[in-house]
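Let the hints inform the model, and build the full structure from the sequences given.
Under this note's numbering, the very last position in the sequence shown is 658; numbers go up by exactly one each time.
Treat the hints with care, as some may be off.
[Claimed, not checked] Straight-line distance between alpha carbons at most 16 Å, and here's what the computed EDC-like set of lysine to aspartate or glutamate pairs gives:
#1 LYS136 - ASP55
#2 LYS539 - ASP565
#3 LYS136 - GLU217
#4 LYS539 - ASP618
#5 LYS136 - GLU37
#6 LYS539 - ASP564
#7 LYS136 - ASP210
#8 LYS136 - ASP162
[Claimed, not checked] Quick list of the computed label-pair ranges, beta carbon to beta carbon:
#9 TRP184 - THR631: 52 to 58 Å
#10 THR216 - HIS39: 17 to 23 Å
#11 GLU245 - TYR642: 38 to 44 Å
#12 ASP182 - ASN284: 27 to 33 Å
#13 ALA203 - PRO280: 33 to 39 Å
#14 GLU544 - THR631: 44 to 50 Å
#15 SER428 - LEU207: 54 to 60 Å
#16 ASP358 - LEU207: 30 to 36 Å
#17 GLY543 - PRO280: 39 to 45 Å
#18 GLY442 - GLY466: 21 to 27 Å
Keep in mind the hints are simulated off the structure, nothing from the lab. For glycine and all other residues, C-beta sits at the position ideal for the given N, C-alpha and C.
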Amino acid sequence: ASRDFVLVVEPFPILGASVTAGRRPEKALEAPASISVLDVNDLETHQTVSPLDYVEGVPGVDLASQGIQARQVTTRGFNAIFGQLLTLLTDYRHASAPSLRVNLAQTLVPVPDDIERVELLRGPASALYGPSAADGVVHIITKSPFESQGTSVDVLVGNQSLLHATFRDATAFNERIAMRVSGQYFRGDEWPVVPQASELAPRERVQERASGELRLDGRFGETEAIVNLGAFHGFRYVEQTTIGATQVHDWEIGHAQLRVNRGRLFAQAYVNWNGAGDTFVLQTLAPIVDNSRLLVGQVQHGVDLGERVSLTYGLDLQRTDTRTGGTISGRNEGDDTIDEIGGYLQGRVSLTDELRAIGALRLDDHNYLTEAVWSPQIGLVFEPEEGQAVRLTYNRAFTPPVPTDLTLDLLAGSFDPLPFDLRARGVPLTGYSWSQSCGGGYCMQTPFGTTGPVELDATALWPTVVQIMAAGGVDLSGIPAPTASDVATSVRLLNLSTGAFDAYNGGFQAIEPLRPTLTNTFEAGYKGVFDGRFALGIDAYFTRRKDFRGELDVVTPNAFLDANDLAAYLDDYMPAAEAAALAAVIGGVDGDPALGGIPLGTVVPDDPLAGSDVLLTYQNFGQVDVWGTDLFLEVLLTDRLTWAGTYSYISDNDFNAAELGSRFT
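This is how it looks when you write it as structure tokens:
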């Protein structure tokens, strides 16, 4: 006997399949999370230069375009130049740069014709995905060569001399072995930018890259094994970073992955690697070396206990082997390997035919943190009828310091022609503290002739002031050197936004070792389809983020001769107006970039690597609260035409220093 079946395409993606929300196959409608699934029908209507372009317009998503090819994606706020809070996966593999842990859109290797679907999970996901999933997950899943045989070639051209060419070929040799080969080439002229005065070399406008991937699938009874090899080569482009732009030449990224599925068993091992080529920082011309490796092993299994209880459990291991040739890690090279291990258990209980409870618990250990971190998840999903679902969930996520937060030691700029440098530093395991061990007061270091910490007294550098002013045509050689009782020493902090030195009133409290950022989110959501023609999704959430980690900022003030005292002192040797003008040039004016003054030293912490460099580093800040909502509506107008609309709102876009608990303004 035979039976005929007719398969139809489901018009609404909220009814489609998802593996991202629970790390196992399930309907997106039933997932205990706010998730959007973009399937082949959605993807085929877009022409893109990056797979991340597909999520533009998805509720709760902030897609920041950084040029013709670079993108940064976050969900529900907290965007940044370097996106590190959202987990980016391609075929279950972390697709971020190994040591920098940054999501770089242009380095993704799947070509559009390879992509089966894109799943986006909004909100915390650490209970299953561990570190760096505080803002959710974007998972790009590609097609098996068994089900997508054939050859395709696509060429996209446009303004800015854009050329994006892709190809793929998928072949099944027999019922057990199939192979897919794909590749792409991209070239275009970047949008013009105003030249930055701080950049010492012009930016190249041409952006050029190529990538390729080989996938080999094997099916042996109930076991499926997949080997995936990929490579990216960035011939030339400009990358934005937290310390300024870098000019990339011949940056290479590659991966090798083996994953195996058999029933509820999933296991994989992969390695991601970097090669920075001839890349350099435009502000300093300092070379960037990054030959880092990320090695990951994962295993997951599950078991059903009767008809109503299902358990999923797993173990994740990863090692970040940071190799930067003394550039990014600087003097910390050789002591910058990060080891992380995490285990999780998720349970699903069908309380009734309509009501399910979900709970998950994960424990992660990080060799640079003093304590392991727990990440719980609990939720209820109620399905009153087919095609309708209501959920209530609580998730806690944690974001540990990434390698650069801990071991960064990189020249970030200079005070040219003065011999001070800006240096970006990670926070060591002991943090930073300032002791009063120099003449009973705080210590400073100066590049003007002396080495090591000295007493915080700018008048000791009066000969340096005389020499600098003489180079500018002002002769102060006949004025005797003031003492500390004549002219006080003032400390002012460089403001990176304005280029001015601001009055420093923050004291010298210790900067504690970095703590993981904890994100707690309560959420209510609804998904439903009406009459087979209308789909509606509503999410409302409240998030409290504790120990928020700020971006790089200046923490060491500079020492100046106090301008008011200096004006009074010089008044004995010249007219009052001339004395006031000279004092403003030498001592500076708070908040005035044109009258920054002459920094004579840097107030330094008790750190063996401290010098006279102005230190930029990271800090944890108190806590911030936000709430918001995401709405989605889709209408099937005809069998071939749909209309969709989204709306997202978040309560806060900015947080001031008082809200963050910062001592800096």
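So which hints don't hold here, by number, going up? Hint check: 1, 2, 6, 9, 10, 13, 17 fail, others pass.
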